[in-house]
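Enquirer: As a plain string of letters, each chain reads:
Protein chains: 2
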Amino acid sequence: MDYLQQTFTVQFQYKVYFTSHLFTSTNPVFRSFLLDNEQEGVVKKILFVVDKEVTRFHPMLKEQIVEYINTIPSYKLATIITISGGEEAKNNEEYFFKVINAVNRFGIDRHSLVVGIGGGSVLDMTGYASAIAHRGIKHVRIPTTVLSQNDSGVGVKNGVNYLGKKNFLGTFAPPVAVFNDFHFLTTLSERDWRSGIAEAVKVALIKDADFFCWLEENAAGMIAGDKDAMQYQIRRCAELHLQHIAKGDPFEIHSARPLDFGHWCAHKLEQLSDFTIRHGEAVAIGIALDCAYSYLTGRLDEVPLKRILNLLQELGFKLIHPLIEMDTTQHLLLQGLTDFQEHLGGRLSITLLNDIGEGEEVHEMNSDCIVAASHWLQDYCITAQRQTA
Amino acid sequence: MDYLQQTFTVQFQYKVYFTSHLFTSTNPVFRSFLLDNEQEGVVKKILFVVDKEVTRFHPMLKEQIVEYINTIPSYKLATIITISGGEEAKNNEEYFFKVINAVNRFGIDRHSLVVGIGGGSVLDMTGYASAIAHRGIKHVRIPTTVLSQNDSGVGVKNGVNYLGKKNFLGTFAPPVAVFNDFHFLTTLSERDWRSGIAEAVKVALIKDADFFCWLEENAAGMIAGDKDAMQYQIRRCAELHLQHIAKGDPFEIHSARPLDFGHWCAHKLEQLSDFTIRHGEAVAIGIALDCAYSYLTGRLDEVPLKRILNLLQELGFKLIHPLIEMDTTQHLLLQGLTDFQEHLGGRLSITLLNDIGEGEEVHEMNSDCIVAASHWLQDYCITAQRQTA
Ligand SMILES: NC(=O)c1ccc[n+]([C@@H]2O[C@H](COP(=O)([O-])OP(=O)(O)OC[C@H]3O[C@@H](n4cnc5c(N)ncnc54)[C@H](O)[C@@H]3O)[C@@H](O)[C@H]2O)c1
Ligand SMILES: NC(=O)c1ccc[n+]([C@@H]2O[C@H](COP(=O)([O-])OP(=O)(O)OC[C@H]3O[C@@H](n4cnc5c(N)ncnc54)[C@H](O)[C@@H]3O)[C@@H](O)[C@H]2O)c1
Ligand SMILES: [Zn+2]
Ligand SMILES: [Zn+2]
Numbered sequence: 001m002d003y004l005q006q007t008f009t010v011q012f013q014y015k016v017y018f019t020s021h022l023f024t025s026t027n028p029v030f031r032s033f034l035l036d037n038e039q040e041g042v043v044k045k046i047l048f049v050v051d052k053e054v055t056r057f058h059p060m061l062k063e064q065i066v067e068y069i070n071t072i073p074s075y076k077l078a079t080i081i082t083i084s085g086g087e088e089a090k091n092n093e094e095y096f097f098k099v100i101n102a103v104n105r106f107g108i109d110r111h112s113l114v115v116g117i118g119g120g121s122v123l124d125m126t127g128y129a130s131a132i133a134h135r136g137i138k139h140v141r142i143p144t145t146v147l148s149q150n151d152s153g154v155g156v157k158n159g160v161n162y163l164g165k166k167n168f169l170g171t172f173a174p175p176v177a178v179f180n181d182f183h184f185l186t187t188l189s190e191r192d193w194r195s196g197i198a199e200a201v202k203v204a205l206i207k208d209a210d211f212f213c214w215l216e217e218n219a220a221g222m223i224a225g226d227k228d229a230m231q232y233q234i235r236r237c238a239e240l241h242l243q244h245i246a247k248g249d250p251f252e253i254h255s256a257r258p259l260d261f262g263h264w265c266a267h268k269l270e271q272l273s274d275f276t277i278r279h280g281e282a283v284a285i286g287i288a289l290d291c292a293y294s295y296l297t298g299r300l301d302e303v304p305l306k307r308i309l310n311l312l313q314e315l316g317f318k319l320i321h322p323l324i325e326m327d328t329t330q331h332l333l334l335q336g337l338t339d340f341q342e343h344l345g346g347r348l349s350i351t352l353l354n355d356i357g358e359g360e361e362v363h364e365m366n367s368d369c370i371v372a373a374s375h376w377l378q379d380y381c382i383t384a385q386r387q388t389a
Numbered sequence: 001m002d003y004l005q006q007t008f009t010v011q012f013q014y015k016v017y018f019t020s021h022l023f024t025s026t027n028p029v030f031r032s033f034l035l036d037n038e039q040e041g042v043v044k045k046i047l048f049v050v051d052k053e054v055t056r057f058h059p060m061l062k063e064q065i066v067e068y069i070n071t072i073p074s075y076k077l078a079t080i081i082t083i084s085g086g087e088e089a090k091n092n093e094e095y096f097f098k099v100i101n102a103v104n105r106f107g108i109d110r111h112s113l114v115v116g117i118g119g120g121s122v123l124d125m126t127g128y129a130s131a132i133a134h135r136g137i138k139h140v141r142i143p144t145t146v147l148s149q150n151d152s153g154v155g156v157k158n159g160v161n162y163l164g165k166k167n168f169l170g171t172f173a174p175p176v177a178v179f180n181d182f183h184f185l186t187t188l189s190e191r192d193w194r195s196g197i198a199e200a201v202k203v204a205l206i207k208d209a210d211f212f213c214w215l216e217e218n219a220a221g222m223i224a225g226d227k228d229a230m231q232y233q234i235r236r237c238a239e240l241h242l243q244h245i246a247k248g249d250p251f252e253i254h255s256a257r258p259l260d261f262g263h264w265c266a267h268k269l270e271q272l273s274d275f276t277i278r279h280g281e282a283v284a285i286g287i288a289l290d291c292a293y294s295y296l297t298g299r300l301d302e303v304p305l306k307r308i309l310n311l312l313q314e315l316g317f318k319l320i321h322p323l324i325e326m327d328t329t330q331h332l333l334l335q336g337l338t339d340f341q342e343h344l345g346g347r348l349s350i351t352l353l354n355d356i357g358e359g360e361e362v363h364e365m366n367s368d369c370i371v372a373a374s375h376w377l378q379d380y381c382i383t384a385q386r387q388t389a
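So the sequence lines, in the order shown, correspond to chains A and F. Sequence positions in the first sequence follow the UniProt record's numbering and run 1 to 389. Sequence positions in the second sequence follow the UniProt record's numbering and run 1 to 389.
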């Protein structure tokens, strides 16, 4: 057979910074990043895309950005556009086109920067638009929710929803830098403060038993507003995610996706609830269900199972939800397995749990056992409620 | 400063096969590729996207594809969609959505294949749609023009036009395999047979003086239909492009783009002519103009310059065009420099020629010299015409 073999590797690098009050004039972090990326003889343009909720809670932010960028001669602020936060940013293509049209109107090029500031939804959409405009404009992420600081914002994926399917369009496109500004988190609703911690439970369960113990010890504190504990949680969770991406299969060329533990169910719950359930809330339920499944199929012992369910409940997650009462809607939830397989492609790959800190990949789940697990979980939670009452 | 450093590399691999009559039942090349990529327990789906002109000239193709795929149990033909060829495929978003909607309707997943068959335009659009559906479906290219077999089809870029700008949306996404089937080329129009050879002249000029001599010796033969010569030209040109991509900066993270020699002008000519000028035809003019500029600015000697212009003319390229008569439209053509800079971003980077086989990157071009070069080129061609007459 006559052929030419092509082989090459591409290296990707970025830093995830931890700071607070990023755009205060005295904070050097963002400025030093910009100066490190100066290019002789070129004034680089920056386009900001900001979550509307963030500007609502931080009304001085825009002004601070204008002043901050104005002090750096090698950069020019193109404009700041604001867009609706939450899943709306990914569902409504109007926002995507707002970014694409700004890229065109302001002559944003491949040496410019697009900076997204917001929750995971705004960052996913902004990252996607940046990745495909001019075949990829450099993209900076400034996540403003716990979930996006400890998980989605530090990774390499982006996307928007299309034809009613989550992340139907998207790419793998690493950011050039991520800035986790803790101050933004202080204005989160109680729900969003809590919600992202589910991803820490997830990654601890499959990768790091010590971190799981730490979470048990600090759950009450974090929920009560302990900022030091919250910062540690974010940093450790981000670190575990980064390590996993770097050591594994960053662009998911193969099927295994251990970081998607609990997610086949979570994605379906989000969709079935019309995105009224938060991603982290859905992940908490998904973890609980897959742990109950692991327990009922003899993989996970009762003691670790109960520790896991207790931790999730202590973090304030509701593990009962009408959508997982399987008698009425089992066909709907089970469809989540098929959707998940289709999104991954090929063989089903699901992570189940053998012990705290020890996941295992399987390629099949038994529908009857899933239904049984959901019943067991609902019963367990109702009994637990009664006992506390 | 407090940060986590993320670093990883991703390896990309694909083969570029050379064959003829790919879907004849006795041709093993495509079958063996599919069998090498089987996955146990999975029947992979294949979606074909075919250039309408190709099916018009090869009316048995669809039937052959159906039969060919049917003999392989581990694969299933999802469907074959046909779309308009030429720049229309990239200009009209209807075709893009046709592919995306087929991905949805037929449940094409990340382990399926999308196979594009057609000229560079159909491949660019199909590659783009595949790259963003489900964050990237594996994509096979079967280029059917000289240009796409020796250049665009073997590389890593894709894209569509948007807001009237060429390749405004696109990604870098290597195919999983390329099949150069020589038989397709036999039905090309004289224009498209000739047009792609401009890319061979381009790459020879900046990378390989011996190949340039070979082109001089074989120009008349190729134009007269010498298939062996044409096949050698394609193979060598593809090889030089592949080497350049692998050794250089595959995803063009930096500004230098030597393979874009002659292209700042070419892209603008295509756009100004509303895509009635073929890409290769525009590249031939772009090369001539940048060589004349290199000559007038003292970089390139007269002898190599005349060899270059002679070769282009012997290949049948017209180097005179109303759009480069600078007196009337100079501002329009010069805008090509700005567009090019914007698409690349940052500093202007243009390759000029010091000698045959030796390009050099510059960061500035003088508008007056460009205008002078265009006048010089028009005069030269008119004189040459008179002498032949
Ligand atoms: N790309 C990935 O790898 C990845 C991974 C996990 C999740 N995700 C995606 O991330 C999204 C969820 O992200 P999320 O949990 O950050 O939620 P979100 O982005 O939907 O934000 C939740 C709400 O908080 C608001 N908000 C954001 N920052 C705020 C602040 N500082 N103060 C007050 N309100 C604020 C938002 O406007 C929104 O209303 C989902 O679409 C999910 O699919 C992506
Ligand atoms: N991705 C890249 O790296 C890259 C590089 C260079 C050029 N390009 C792009 O490629 C496109 C040009 O590609 P092209 O020169 O192949 O032209 P094309 O795709 O526009 O095709 C030219 C014409 O030939 C027809 N055709 C195709 N195959 C045929 C066959 N076998 N027999 C008869 N007719 C056939 C097409 O329908 C069309 O009408 C441009 O959009 C250009 O920007 C991309
Ligand atoms: Zn998640
Ligand atoms: Zn070209």
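For the record, the hints were derived by calculation from the structure and aren't laboratory data. Remember, it's a predicted structure, so these values are computed and weren't measured experimentally. Treat the hints loosely; a few may be bogus.
Same chains, same label: a pair holds when it works inside one copy or across any pair of copies.
What the hints assert, rightly or not - In silico DSSO-like pairs for lysine-lysine, Cα to Cα no more than 30 Å straight-line:
id	residue 1	residue 2
1	Lys-165	Lys-76
2	Lys-15	Lys-98
3	Lys-62	Lys-318
4	Lys-76	Lys-306
5	Lys-207	Lys-52
Enquirer: Please work out whether the CA atoms of Lys-15 and Lys-98 approach to 30 Å or closer within one copy, between two copies, in both situations, or in neither?
Expert: within (28 Å within a copy, 39 Å between copies)
Enquirer: For the identical chains here, do Lys-165 and Lys-76 meet the 30 Å Cα criterion within one copy, between copies, both, or neither?
Expert: Only across copies: Lys-165 and Lys-76 sit 24 Å apart there, 37 Å inside one copy, limit 30 Å.
Enquirer: Reference check for the pair Lys-62 and Lys-318, CA-CA at most 30 Å: within, between, both, or neither?
Expert: neither (36 Å within a copy, 54 Å between copies)
Enquirer: How would you classify Lys-207 and Lys-52 at a CA-CA limit of 30 Å: within, between, both, or neither?
Expert: neither (35 Å within a copy, 51 Å between copies)
Enquirer: Reference check for the pair Lys-76 and Lys-306, CA-CA at most 30 Å: within, between, both, or neither?
Expert: Intra 55 Å, inter 45 Å, cutoff 30 Å: neither.
Of the numbered hints listed earlier, those contradicted by the structure are 3, 4 and 5.
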